[in-house]
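Protein sequence lines correspond, in order, to chains A and B.
Sequential numbering of the first sequence, starting at 1, is according to the numbering used here.
Sequential numbering of the second sequence, starting at 156, is according to the numbering used here.
FYI, nobody ran anything at the bench for these hints, they're computed from the structure.
Built from N, CA and C at the ideal position, the CB exists for glycine as well.
A couple of the hints might just be wrong.
Straight-line distance between alpha carbons at most 20 Å, and here's what the computed DMTMM-like set of lysine to aspartate or glutamate pairs gives [as the list claims (entries may be wrong)]:
id	chain 1	residue 1	chain 2	residue 2
1	B	570	B	498
2	A	138	B	531
3	A	89	B	672
4	A	6	B	498
Have a look at the derived ranges for each label pair, beta carbon to beta carbon [what the hints assert, rightly or not]:
id	chain 1	residue 1	chain 2	residue 2	range
5	A	12	B	466	38 to 44 Å
6	A	30	B	685	33 to 39 Å
7	A	30	B	624	42 to 48 Å
8	A	87	B	551	32 to 38 Å
9	A	6	B	526	32 to 38 Å
10	B	192	A	12	46 to 52 Å
11	A	12	B	642	46 to 52 Å
12	A	64	B	685	23 to 29 Å
13	A	64	B	680	24 to 30 Å
14	B	268	A	107	54 to 60 Å
15	A	107	B	624	51 to 57 Å
16	A	6	B	273	33 to 39 Å
Computed footprint of chain B on chain A; a stretch qualifies when at least three of its residues, placed anywhere within it, have a C-beta under 8 Å from a C-beta of chain B [claimed, not checked]:
id	segment
17	19-27
18	64-76
19	87-93
20	106-114
For reference, the chains in residue letters:
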Amino acid sequence: MKPRQKRFVLIGLGLVALAIAAALVLNAFQSNLVFFFTPTQVANGDVPQGRSFRIGGMVENGSLTREGDGLTVHFIVTDMAKRVPVTFKGILPDLFKEGKGAVAQGQLGADGTFLASEVLAKHDENYMPPEVADALAKAKAAGAQSSSTLVVKPQ
Amino acid sequence: MIPEIGHFALILALCVAVVQGTLPIYGAAVGSSTLMSVAKPAARGQFILVLLAFCCLGYAFAAKDFSVLYVAATSNSHLPLHYRLAAIWGAHEGSLLLWTFILTIWMVAVTFFSSHLPEAMRARILGVMGLVSVGFLLFMLTVSNPFERLIPAAVDGRDLNPLLQDPGMVMHPPMLYMGYVGFSVAFAFAIAALLGGNLDAAWARWSRPWTTVAWCFLTVGIALGSGWAYYELGWGGWWFWDPVENASFMPWLAGTALIHSLAVTDKRGGFKVWTVLLAIMAFSLSLLGTFLVRSGVLTSVHAFATDPKRGLFILVFLAIVIGGSLLLYAWRAPRVGLGGGFDPVSRESMLLANNVLLVAAMGSVLLGTLYPLFLDALGLGKISVGPPYFDTVFVPLMTPAIFLMGIGPLAQWKKASLPELAMRLRWAFGVSVVTALLLPFVLGKWTPLLSLGLLLSLWIVTTTMVNIRERVSHLVGNSFLSCLTALPRAYWGMVLAHCGIAVFIVGVTMVKGFEVEQDLRMNVGETATIGGYTFQFDGAREVKGPNYLAARGTFSVTKAGREVTMMYPEKRLYSVQKQMMTEAAIDSGLLRDLYVSLGEPLEDGAWSVRLYHKPFIDWIWGGCLIMALGGLLAVSDRRYRLSWRRERQEEPEAIRSQEKSVA
Chain A
1 MKPRQKRFVL IGLGLVALAI AAALVLNAFQ SNLVFFFTPT QVANGDVPQG
51 RSFRIGGMVE NGSLTREGDG LTVHFIVTDM AKRVPVTFKG ILPDLFKEGK
101 GAVAQGQLGA DGTFLASEVL AKHDENYMPP EVADALAKAK AAGAQSSSTL
151 VVKPQ
Chain B
156 MIPEIGHFAL ILALCVAVVQ GTLPIYGAAV GSSTLMSVAK PAARGQFILV
206 LLAFCCLGYA FAAKDFSVLY VAATSNSHLP LHYRLAAIWG AHEGSLLLWT
256 FILTIWMVAV TFFSSHLPEA MRARILGVMG LVSVGFLLFM LTVSNPFERL
306 IPAAVDGRDL NPLLQDPGMV MHPPMLYMGY VGFSVAFAFA IAALLGGNLD
356 AAWARWSRPW TTVAWCFLTV GIALGSGWAY YELGWGGWWF WDPVENASFM
406 PWLAGTALIH SLAVTDKRGG FKVWTVLLAI MAFSLSLLGT FLVRSGVLTS
456 VHAFATDPKR GLFILVFLAI VIGGSLLLYA WRAPRVGLGG GFDPVSRESM
506 LLANNVLLVA AMGSVLLGTL YPLFLDALGL GKISVGPPYF DTVFVPLMTP
556 AIFLMGIGPL AQWKKASLPE LAMRLRWAFG VSVVTALLLP FVLGKWTPLL
606 SLGLLLSLWI VTTTMVNIRE RVSHLVGNSF LSCLTALPRA YWGMVLAHCG
656 IAVFIVGVTM VKGFEVEQDL RMNVGETATI GGYTFQFDGA REVKGPNYLA
706 ARGTFSVTKA GREVTMMYPE KRLYSVQKQM MTEAAIDSGL LRDLYVSLGE
756 PLEDGAWSVR LYHKPFIDWI WGGCLIMALG GLLAVSDRRY RLSWRRERQE
806 EPEAIRSQEK SVA
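Start from the sequences, fold in the hints, and give me the full structure.
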């Protein structure tokens, strides 16, 4: 082959490889995006069925219960507007506490319970995951707009 | 007083860095030897000043000077001395100081090992490094000063994050930064070459050892971080595709590509433009990694206070460094030339394909890491990209790369013949395929990924053996052993590093294929069996540590009735930050790890417990270590020393004065 043809072959092969890689990457990317929803969105039914997503909010005080096996836990995640019951089987992270922020990943069950496959709370004591802070702020803003009928507790 | 000395030293260092970043480069442009000679003393002076600042901060930590904000924020009077010192790089400000300190170490190393470089080249290299240093010193002095005072002083400090109170964490940041910053040398070489417009094989030979050493440090640094996550986070994973991990992995991928592309530039004069681009890329990704992790953009144990001013500075600095060097590249690269040609089937083409695959892998990691950040910044919603994405992308990209890794070293430069290669490799191929298909059945389970993993590592090992045998048969020697020692160290370095990859793949494959994980509730005296090992829970009791209170569980482990070991996992409550920490107990072995961690206390002294059996997991880090050793072995090759010594004899004057300054 002439140098010119060689270069074309090389460039062609490179482009094909890149195209394959790009197709692979984008395909995998599409199917593995995990979206984040607030408890209000979950309660309003704005969430995908049969697909894994994340919810975040505060773990409601006094809502944590444990089944007899010592592993299955139930708790409620709230953005102070809506509450979503969550079930998780496994060991909770060290920083998981009632009254603190947490993020859970999993699917919504038919009865409206969020079945978590993973609970994330890997930040320090005073830290609020930004997703959670955001969810709380949104719910608060929404609450403020229709607050003529609601009693908003003073902070 | 001492912190002010440190602060002052940093200001002086900035002044020196400005001089170092301007005069020598200007001198090289106009050919002024006087201006160029400023580089060396400036670099050394800067090193001394930053060292002084570093020691001052260290002293503030050692002396528990809680009137320094940074000390008060990251340490505590009950924190043991070694962790107080490690707390220097326990948060944002101090880790920037460490970064700069390491940069000056590399600069001093360049002044000592560059006597064989042309003067203009050396001046430009040190000048570019000086400019990078200017950026970091400015950043520290304007928005993240580690010496900032806290008035009135705190009574006691807020303590170091308990997760970081660990020997692995003491070593992880310095190692990682040695790697990140080490790429600045390759970067400076590349920029110097672009400025000078000459990029020959000698240039590649000079930058090769620097790049390889940096890569070794980075490899060890990443392995340490992964090991830390494994035993400290308490859930036994070794890689989570977390953005902070990706941040260190991207420069590694680019650096690996760079090492291989430099080899081609050195040996054949090819890939010149590509090599320069990779050098720029590796360092840019190192900068991106440092800032992504430290700026608070990513929330994790690595990120600390977020400050919009810092974010802005970082963005501007990144834009200047990356944009500026790419601009220079676009302008000057055509002058550098493409280098020698080669056939579609040749060692060059295989290395090129490998490079493309590595860069594609890097790009996919970059996409998965940055895309959620972009969406968030634009207010388009919050998403995360899960580990399955990276797994699905990585296996198909790395499989051909590793296949080529077996063939490449056997192929001839310039032009190779496929049928001939196939002939030479038929045994290696046959043996690896048959073994990879059958071995999983012997082990008791067959999955496609298991076979693929074994195939890839066997392929590396068998092709390496073929390669060694062929190399030896070309040599005329007395014994097989003397032939082996006659082969150059650079060659053995490559062999070792490639075998490290094989060991790593075995580790990953076996862990993914055969690990057993069980979360369960255990009463006192109860037993559970996983992977053939029986764990008996003998209860937990309270233990007091220097700055924490712990519940320590006792587990006796037996296998077939014989006692194997006792394990003591802990659940710690750190008193200052009121933070719970799981301290897993791990019994390591060549073929398996046993891993026990405590969950939560339940009624009647029972605990929820995590029991893991992880076959071959230590091979993962062992493989990384072998890779790094391979790199070091390659650097010790004669050809680098020879070229250095040869130049030394030509420049006896310079050397004598240099040795004086060493003494």
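Now for the hints, and whether the structure bears them out:
A threshold of 20 Å between alpha carbons decides the hint, and for residue 570 of chain B with residue 498 of chain B the separation of about 5 Å falls inside it, so the pair holds. The suggested pairing of residue 138 of chain A with residue 531 of chain B holds, with an alpha-carbon distance near 15 Å, which does not exceed 20 Å. Distance restraint check for residue 89 of chain A and residue 672 of chain B: the Cα-Cα separation of roughly 14 Å lies within the 20 Å cut-off, and the hinted pair is therefore satisfied. Restraint check: the Cα-Cα separation between residue 6 of chain A and residue 498 of chain B comes to about 7 Å, which is no more than 20 Å; the hinted pair holds.
The supplied range of 38 to 44 Å is met by residue 12 of chain A and residue 466 of chain B, whose beta-carbon atoms lie about 43 Å from each other. Between residue 30 of chain A and residue 685 of chain B the beta carbons are some 37 Å apart, a value that agrees with the proposed interval 33 to 39 Å. For the pair residue 30 of chain A and residue 624 of chain B, the beta carbons lie near 47 Å from each other, so the given range of 42 to 48 Å is met. At roughly 36 Å, the beta carbons of residue 87 of chain A and residue 551 of chain B sit within the given window of 32 to 38 Å.
Our hint of 32 to 38 Å for residue 6 of chain A and residue 526 of chain B holds, since their Cβ atoms are close to 37 Å apart. The beta-carbon spacing between residue 192 of chain B and residue 12 of chain A, approximately 50 Å, falls within the hinted interval of 46 to 52 Å. About 37 Å separates the C-beta atoms of residue 12 of chain A and residue 642 of chain B, a value inconsistent with the hinted range of 46 to 52 Å. At about 28 Å, the beta-carbon gap between residue 64 of chain A and residue 685 of chain B stays in the expected band of 23 to 29 Å.
The hinted range of 24 to 30 Å is satisfied by residue 64 of chain A and residue 680 of chain B, whose Cβ atoms lie roughly 27 Å apart. Between residue 268 of chain B and residue 107 of chain A the CB atoms are about 58 Å apart, so this pair conforms to the stated range of 54 to 60 Å. At about 55 Å, the beta-carbon gap between residue 107 of chain A and residue 624 of chain B stays in the expected band of 51 to 57 Å. The hinted range of 33 to 39 Å is satisfied by residue 6 of chain A and residue 273 of chain B, whose Cβ atoms lie roughly 34 Å apart.
Judged by the Cβ-Cβ criterion of 8 Å, the segment 19-27 of chain A is covered by chain B as claimed, because 3 of its residues qualify and three suffice. Counting residues of the segment 64-76 of chain A whose beta-carbon sits less than 8 Å from any beta-carbon of chain B gives 4, enough to reach three: the coverage restraint holds. Requiring three or more residues with a Cβ within less than 8 Å of a Cβ of chain B, the coverage given for the segment 87-93 of chain A holds, as 4 such residues are present. With 0 residues having a Cβ less than 8 Å from any Cβ of chain B, the segment 106-114 of chain A misses the three-residue criterion, and the hint is violated.
Consistency with the previously given hints fails for numbers 11, 20, ordered from lowest to highest.
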